[in-house]
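Visitor: For reference, the chains in residue letters:
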Amino acid sequence: GESVGLHLPTLSVQEGDNSIINCAYSNSASDYFIWYKQESGKGPQFIIDIRSNMDKRQGQRVTVLLNKTVKHLSLQIAATQPGDSAVYFCAENTPPSNTGKLIFGQGTTLQVKP
Amino acid sequence: DAGVIQSPRHEVTEMGQEVTLRCKPISGHNSLFWYRQTMMRGLELLIYFNNNVPIDDSGMPEDRFSAKMPNASFSTLKIQPSEPRDSAVYFCASSRNQETQYFGPGTRLLVL
Chain A
1 GESVGLHLPT
11 LSVQEGDNSI
21 INCAYSNSAS
31 DYFIWYKQES
41 GKGPQFIIDI
51 RSNMDKRQGQ
61 RVTVLLNKTV
71 KHLSLQIAAT
81 QPGDSAVYFC
91 AENTPPSNTG
101 KLIFGQGTTL
111 QVKP
Chain B
1001 DAGVIQSPRH
1011 EVTEMGQEVT
1021 LRCKPISGHN
1031 SLFWYRQTMM
1041 RGLELLIYFN
1051 NNVPIDDSGM
1061 PEDRFSAKMP
1071 NASFSTLKIQ
1081 PSEPRDSAVY
1091 FCASSRNQET
1101 QYFGPGTRLL
1111 VL
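First to last, the sequence lines map onto chains A and B. Number 23 in the numbering used here belongs to position 23 of the first sequence; there are no gaps in the numbering. To convert, take the position in the second sequence, counting from 1, and add 1000; that gives the numbering used here.
Don't take each hint at face value.
Calculated Cβ distances over 12 Å to all of chain A for the following chain B residues [to be verified]:
(1) 1042
(2) 1064
(3) 1104
Pairs of lysine-lysine residues, derived as DSS-like cross-links and limited to a Cα-Cα distance of at most 27 Å, are as follows [as the list claims (entries may be wrong)]:
(4) B:1078 x A:42
(5) A:56 x A:71
(6) B:1078 x B:1068
(7) A:56 x A:68
(8) B:1024 x A:42
(9) A:42 x A:113
(10) A:56 x B:1078
(11) B:1078 x B:1024
(12) B:1068 x B:1024
Calculated from the structure, these hints are not laboratory results. No experiment lies behind these values; they were computed from the predicted model shown. Think of the CB as a built atom: it goes at the ideal place given N, C-alpha and C, for glycine as much as any other residue.
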């Protein structure tokens, strides 16, 4: 039968290429953003975060870019590896920011072709 | 650091039975979150606690669901009675000072 459920956008890249995963967030007052990686059968794993007073933050092989004007967040993965295959979620901290409550996006599936 | 610990990792039960999911947050973290993940609805926040006090339970589906946090190192999510539509992966996450949340491995629940 037909599969019913969320249709996550899928990004398919060649091993070694760079990946860019995009996210549009909902609340212009959000001041803290996080990217999570979820591998099959596991819980979401923290990758990198950024505060609203920054436009860019770099980690190991990953970079997060924040464009507050258009409420857009992106995750760049350099030299993508097979182990990067997973579902990636962006999350925003909704005001009041001291609640710790995060709003998660639907996720993007990254497939790395060897 | 042991990370967030959840038990059981898998649970299969029959409709109508009581189900109790357990979570031990990371030591020193003062916020705890319960999420449910399904193919249909994605990742949903059910309830969260700050300093052991429930802050927002607006995501709890209905009265069959309840959560407690008797102390800083333990929380439970209970479903009574369980129904097949409760089948999902339930995650617990914790954070310190309302910042980055760290997730546990999840409990896969199947209600027959």
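Visitor: Look at each hint and say if it fits the structure.
Guide: A quick look at each hint next to the structure:
1. 1042: Non-interface label on residue 1042 (chain B) violated, nearest chain A Cβ at 5 Å vs cutoff 12 Å.
2. 1064: 23 Å, holds
3. 1104: Answer for residue 1104 (chain B): violated, closest chain A Cβ roughly 6 Å.
4. B:1078 x A:42: 22 Å, holds
5. A:56 x A:71: 14 Å, holds
6. B:1078 x B:1068: Since the Cα atoms of residue 1078 (chain B) and residue 1068 (chain B) sit roughly 8 Å apart, the hinted pair holds (cutoff 27 Å).
7. A:56 x A:68: It holds: about 11 Å lies between the C-alpha atoms, which stays within 27 Å.
8. B:1024 x A:42: 17 Å, holds
9. A:42 x A:113: Holds, because 21 Å separates the two Cα atoms, which is no more than 27 Å.
10. A:56 x B:1078: 41 Å, violated
11. B:1078 x B:1024: 15 Å, holds
12. B:1068 x B:1024: Cα-Cα ~12 Å, so holds.
Figure legend: structure checked against the earlier numbered hints; hints not met, in rising order: 1, 3, 10.
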